[in-house]
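Residue numbers (the working numbering): 143 to 239.
A few of these clues could be false.
[To be verified] Taking lysine to aspartate or glutamate and the EDC-like style, the derived pairs with C-alpha atoms no more than 16 angstroms apart in a straight line are:
| no. | residue 1 | residue 2 |
| --- | --- | --- |
| 1 | Lys198 | Glu208 |
| 2 | Lys198 | Glu174 |
| 3 | Lys198 | Asp163 |
| 4 | Lys198 | Glu226 |
Derived by calculation from the structure, the hints in this document are not laboratory data.
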Amino acid sequence: PNVVTYNTYISLCAQVLRWRDAMASFDRMQGERLRPSVVSYGALITACGKGDRPEKALRLLKEMGEQRLEVSVPAVSAAISACERGHLWQDAVQRSE
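Please model the complete structure; the sequences and the hints are all you need to start from.
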């Protein structure tokens with residue numbers, strides 16, 4: 143599998159509310175020495191948000207910057223939505239500023 147294959151699977155996991163499977167796939171991708179893309183992170187942030195894991199979504203957003211990836215609008219939006227779902231409104235406001 144390549145990064146596109148993993149991204150597709152992670153996105154599918156997000157759609158069917160399987161954040162743990164998405165996270166496992168992301169970890170497996172890194173274990174195969176494939177570099178996650180902006181799309182990889184965005185899909186995983188979305189999966190974590192839909193899985194009521196806002197803290198993980200925020201950690202991933204921070205990790206994107208640490209990996210020198212462009213922190214995309216969709217990724218930030220997904221992290222903010224995760225915070226809103228998780229009643230972490232203060233974090234959501236902080237991320238939007």
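Hints versus structure:
1. Lys198 x Glu208: 15 angstroms, holds
2. Lys198 x Glu174: 22 angstroms, violated
3. Lys198 x Asp163: 14 angstroms, holds
4. Lys198 x Glu226: Within the cut-off at roughly 14 angstroms; holds.
Violation of the numbered hints given earlier is confined to hint 2; every other hint is satisfied by the structure.
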